[in-house]
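So you can see what is in the structure, the chains are spelled out below.
2 protein chains.
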Amino acid sequence: MLKTTTKLLVSAALIAGIATSANAEKTFKWKLATTWGSTLTPFIDAPTNMAKLTEEMSNGRLQIRIDAANKHKAALGILDMVKGGQYDMGHSASYYWKGKDIDTLPFTTMPFGMTAPEQYAWFYYGGGMELMKKAYAKHKVLSFPGGNTGNQMGGWFRKEINSVEDLKGLKMRIPGFAGEVMAKLGLTVTNIAPGELYTSLERGTIDALEWVGPGMDIKMGFHKIAPYYYTGWHEPATELQFLVNEKSYNKLPKDLQQILLTAMRVSAYDMYIQNYDMSATAWSTMEKEFPNIKVKTFPKEVMDAMKKANDELLVEKSAGNPLLKEVLDSQKAYQKKARKWTEMSDYLYLKDNL
Amino acid sequence: MLKTTTKLLVSAALIAGIATSANAEKTFKWKLATTWGSTLTPFIDAPTNMAKLTEEMSNGRLQIRIDAANKHKAALGILDMVKGGQYDMGHSASYYWKGKDIDTLPFTTMPFGMTAPEQYAWFYYGGGMELMKKAYAKHKVLSFPGGNTGNQMGGWFRKEINSVEDLKGLKMRIPGFAGEVMAKLGLTVTNIAPGELYTSLERGTIDALEWVGPGMDIKMGFHKIAPYYYTGWHEPATELQFLVNEKSYNKLPKDLQQILLTAMRVSAYDMYIQNYDMSATAWSTMEKEFPNIKVKTFPKEVMDAMKKANDELLVEKSAGNPLLKEVLDSQKAYQKKARKWTEMSDYLYLKDNL
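Here the protein sequences come in this chain order: S and W. All residue numbers for the first sequence refer to my numbering, where the first residue is 5 and numbers rise by one. All residue numbers for the second sequence refer to my numbering, where the first residue is 5 and numbers rise by one.
Worth flagging that the hints you see were computed from the coordinates, not collected in a lab. Please note that a few of the clues may not be correct.
The list makes no distinction among identical chains, and a pair is therefore deemed to hold if it is satisfied within one copy or across any two copies.
In silico DSBU-like links for lysine-lysine, alpha-carbon gap of 30 Å or less [claimed, not checked]: (1) K341 / K30; (2) K30 / K329; (3) K304 / K329; (4) K104 / K304; (5) K336 / K292; (6) K163 / K336; (7) K30 / K312; (8) K188 / K258; (9) K144 / K163; (10) K311 / K75; (11) K355 / K163; (12) K355 / K312; (13) K144 / K341; (14) K300 / K341; (15) K344 / K56; (16) K292 / K35.
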């Protein structure tokens, strides 16, 4: 009898133990919506790698299903879906919401702004993360770096640009804030679905377009029909974005929160490096197979006009938007400090080692 | 009776379940030896952050104690201690073992070599990790990137250098492979304990020294006594190193292995960004408080002589060391490809935005 009682007590204790353990061992099944198609390397790789790492590190306790744009049909509605709780997470870019909330504009990249290492330093050690948290708090959504493209190219042009005059009246596909800058310079800015870009450029419906850089441009084939490849000014360090619904996040135990945070952080850095490799490799192919491609930098006159238009637009947009102004001021001050170090270190080194 | 039997069966099942769970829930207590002192920011932060992340993500199942150099008294003996199993892990730099195993030389940085993003791209997407694995396999040790300093400065000089002649006979603290290059140019290369460097430079025991960059140099005070601050050529992207004893690693369950790998990878990237911020901030202070510091680039004649000496040394060392040659060839080919992209992207962008 004693034995049986003991056994029963043991089993009761075990049941209690299992219950606690079962709670800690609960499996979370999340959904993530991306802006991108399921084959858009390297953008799609950042959330895919993040989900894989999360699942492996949590031993299956946090599983994140990735829904590409063709599944949820709302490529540019990611913030709304994460905010509304239809999705626990999103992968997109902060500047896509600038029409709804101008405060979210500067967390992707800014024309004439910081390079990738400068911007990561601003995010993680220069107050950027705190400002991004502040900007997204009103949406009850958490926002994190989601992968950097590095410096984007200024675009493919069918004709050489020698003056501001040459730009006037050109039809160009260049979306977002950079498009607003170009519009101020007298271009007709249009947005065209990615699948129709090649034909539009070939037929002369547009005269120029920007996409990303050699790594992603090579598949689009623009280099076959528009030989002037202009260097970048408008997106020096495009950082994609992970979004997390605050309520979903708060339900996770501490260890899974840290697993998620770390998986996002490392996948973002990795995408920067992956795209560096992709661009280096693609450019080496393009240069060999299409020796007629001409890499050009916009002349000083054009750059100065772009800078002026950019500055004016930022003053306009900052008026009545104190948080936007706070973020832009923080970025400007950090860039000034970091750029001096960039000049002394990598820039002067590269100057002698090209 | 039926009830009791059921209970006993249930409790047996529970005991079995607990046994499995107890195994998976085993706590691993590891030790890591670093080359650095316990306050050497940001070097010490890379292993410290890695251990903190590992503990939090594993919910305490993998705990890593960090032993700084004053504890184990073998700052440059980390590989041996990890190899011998006295430590499960190490944090150091691969080029410290070049005297014992020349194959380990190129995994830190090389004079006139890759910048940080180029080198990370080589490690993770250009075959570098596979080559590092091959080089360390003979030691039964795993090696991983452990944090990058970014481009290091060429050093503090008491006099301006206008020619190769000016370098001849100078006494300089510059350790490692770069020291061998400088010796070929006629410098007397010495190594001096960090604590005695300031006094040695002040008293003229040495005429010049290199340390790291503004972020770490500022505490040393060299700028107060040697106003010529030369830009870098010898360590364009110094990557520190995590070492892991293979046997220790193989004992970990899969989830803890992935937690460890991810924590190392993200802490390495983070140190690069942390030091970027530290250097930018420290330089801004130095420049303000010591306007007499002159930032200089070595003249072309000097650079050319350094490049020649470097190339000759690499040919010498490669002879009879096929794996070293394989690694150097892989780096050289990757650098050539990646540098073109660096020029088109960040370099040309910076040129117009300094």
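Open item on the list: Hints numbered earlier in the text: which of these fail when held up against the supplied structure?
Closed with: 1, 2, 4, 6, 7, 8, 9, 10, 13, 15 and 16
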